[in-house]
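There are 2 protein chains.
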Amino acid sequence: MAIVVQKFGGTSVADAKKIRRAAKRVIEKMQAGYQVVVVASARGQQTDELVRDALELNPNPPQREMDQLLSTGEQQTVSLFAMALEAMGSKAISFTGGQIHMLTDGIFSKAQIKSVDSEFIRRELDQGKVVIVAGFQGVDEYGNVTTLGRGGSDTSAVALAAALKAEECEIFTDVDGVYTADPRIFKKAVKLDEISYDEMLEMASLGAGVMHIRSVAVGKRYNVKIRVRNSENENPGTIITHEVPQMEGILVSGATIQTDMAKIGLIGVPNVPGTAAKVFARLAQAKVVVDDIIQTEINPEKASLSFVVAAAELPAAKAVAEELKSELHCDNVFVRDNIALVSVIGVGMRSQYGVAERMFGALAKAKVNIDSITTSEIRISCAVDHSEVERALEAVCLAFELDKPARQRRTA
Amino acid sequence: MAIVVQKFGGTSVADAKKIRRAAKRVIEKMQAGYQVVVVASARGQQTDELVRDALELNPNPPQREMDQLLSTGEQQTVSLFAMALEAMGSKAISFTGGQIHMLTDGIFSKAQIKSVDSEFIRRELDQGKVVIVAGFQGVDEYGNVTTLGRGGSDTSAVALAAALKAEECEIFTDVDGVYTADPRIFKKAVKLDEISYDEMLEMASLGAGVMHIRSVAVGKRYNVKIRVRNSENENPGTIITHEVPQMEGILVSGATIQTDMAKIGLIGVPNVPGTAAKVFARLAQAKVVVDDIIQTEINPEKASLSFVVAAAELPAAKAVAEELKSELHCDNVFVRDNIALVSVIGVGMRSQYGVAERMFGALAKAKVNIDSITTSEIRISCAVDHSEVERALEAVCLAFELDKPARQRRTA
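These protein sequences, in sequence, are chains F and P.
Each residue of the first sequence is one higher than the one before, starting from 1 at the first, in the working numbering.
Each residue of the second sequence is one higher than the one before, starting from 413 at the first, in the working numbering.
Bound-form chain F, shown alone (with noise of 0.2 Å):
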């Protein structure tokens, strides 16, 4: 009998009415002819409510105890979820991360699944149980309890496919789908039905906030059929998937936008080899993510070292870029901390010539000033001031067609 995997988030459950609902979808499931098992996040603002318990004790908790106390949140949702399906006249059984060996390293607040018993889970199945995991949670080596960071219930619900050999993930949302640009600033933007791994873990790393990245990574690795639909309605969502010939035939899936961005740059770094690594060091060392990095020549002597990091993560990226001026014997430290990112993301990129050119394009006609450029595989990005962001994401859509279906681009 085929599995499927149905995760749902925090806002799906958020009190008893939703519940049901998901309740609902689960059983029309079973009743399709599928084994469920059901992955579940927190109750709407619960697990803000613990952290803000949690600092009113203790401004630095200990992440051992966070994790202790975070995990409560999902258990609450999954026997919950189990008691409605019973009330609804099916057989569910709920299990914390524990009680299915979800077993993770011990890095806490962080941590990576290793491996879960899939067996476990699928005697109950076999007992013609819903299985309801909760979600963002495991257990280290020695029984601690452990949690996976923001968006782990992806992450479990993910895993526990890949362990289970799940026909699909259906990840339950308040959206429709994954679209080609944020609806709420590109209006006019189009839901994709399907996505690749790749572009969708671009799309998740620049911000679009529909799945977590690390999600997206492991059902890149187990070869997962994801699936983002929304809870309240029968639209057939995303498929997130690998890449098939035909989507290289679109040249851009999506457009980005990251706000809150800061760059700082370095100016007249020895331009020696080991430059780069010692600056990227120190900054990993300060717990600072940087995100594009740009480094130029100046001189045969000099260089120039640039990098975008959050604006909360401003303050220690200046800290170790003020200690590095005088290690390195730089000319100058510049921070803004006023900046976007604008992105395009596609694998078509990689085989089709244009992009960048008509990206740049559509900016200067809507006058807007690039900053800075930095490209990967298949995605181009652009720094711009913060105001022009998002007049340059819809000039940017706009010019790929975004708002419109891929089949009916022009440039398809």
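Treat the hints as calculated values from the structure; they're not laboratory data.
Don't be surprised by glycine CBs; every beta carbon is placed ideally from N, CA and C.
It is possible that some hints are incorrect.
Per the computed footprint, the stretches of chain F lying under chain P, defined by three or more beta-carbons under 8 Å from a beta-carbon of chain P, are [unchecked claim]:
(1) 10-22
(2) 43-57
(3) 63-69
(4) 76-90
(5) 93-105
Please arrange chain P on chain F, whose structure you already have, making use of the hints.
Just chain P now, with coordinates in the frame of chain F:
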């Protein structure tokens, strides 16, 4: 190094301020040279809120899922408690029932503790940590979460004190200790310095809400010195311990009332062996908890059998009685739903005379009619009309001088 177990109930950990105050008591105990194990309940009204959430989804929720749900309340408290201790400079670690292998039977919602891994706790204590254990919960042999029933945190604490051979088990609550009678009703009641397990068992079963009866039974069985004390002051509280000879000098240690009781009588049942057994087996099947039982012979063929139940259980008990009426061909069934019990308790009754006489005399003088009388080795209970029970309690308390410390009583 000697170990002390400190148990904090829901009102003692209801908010951040109270958790900090409880943590302060733990630190004081450590500074006095003890290793400390804390057992904590769910914060304030949390358990009631979770029960309400559950019933909204399922009026008859599966007990396994109910236990999975309710256990989260204690898990939240213990992690927050650990954070508070760490913020105050102590090393601390929290555990769920499952994490310390608090193994129980599989009777959800009313599980009995079978064993606990005391070595695991000792290792953490020997690292200088305060060990904070979620009360009220355990796991069965399959890893399912179980709960011990209302008041179960007291039982967790006493069981841990037994397993760890703790010097003392302190039960922190919102009163100064165990009183000769409920001070809300008999204003002149005095706190007892000590009380025997047997007396406390009778008091608890007769409605003195200060401690859960099962925890006292565990304490008696494993010889755990229990101290009931107020979390908000330094009063030394009441020690519950084995009976010592001088306790016998005290005629009556305390008096209690139980309200919301009902009495059912079966008049004219066959006066043959096995009748009572049949009646109480049927009541047990219907999960009716029977308090006092009175059987008297009417004539050589017929007897009258009556029993007292909580008013809430009257409908179920009455249904059983009506069935039995026709099966046993008894003459009549009567129901009194407005009775209350007033009881006096004291191990001194075993060796001294005149207790019953003095009690009945006090009630007669107060013009309280006695419906029926039952006794145990260390207790006398009178059923009276509900409206007269507070007056009855006062009369009995004054007759036995329960407004004075034991050593000041004329009749001690």
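Do the hints match the structure? See the list:
1. For the segment 10-22 of chain F, the proposed coverage by chain P is satisfied: 3 residues have a C-beta within less than 8 Å of a C-beta in that chain, meeting the threshold of three.
2. Against chain P, the segment 43-57 of chain F contributes 5 residues with a C-beta closer than 8 Å to a partner C-beta. That satisfies the three-residue criterion, and the hint holds.
3. Note: the segment 63-69 of chain F has 5 residues with beta-carbon separation from chain P under 8 Å; the three-residue rule is met and the coverage holds.
4. Under the rule that three or more residues need a Cβ within less than 8 Å of chain P, the assignment of the segment 76-90 of chain F holds, with 9 such residues.
5. Counting residues of the segment 93-105 of chain F whose beta carbon lies closer than 8 Å to any beta carbon of chain P gives 5, which reaches the threshold of three, so the coverage claim holds.
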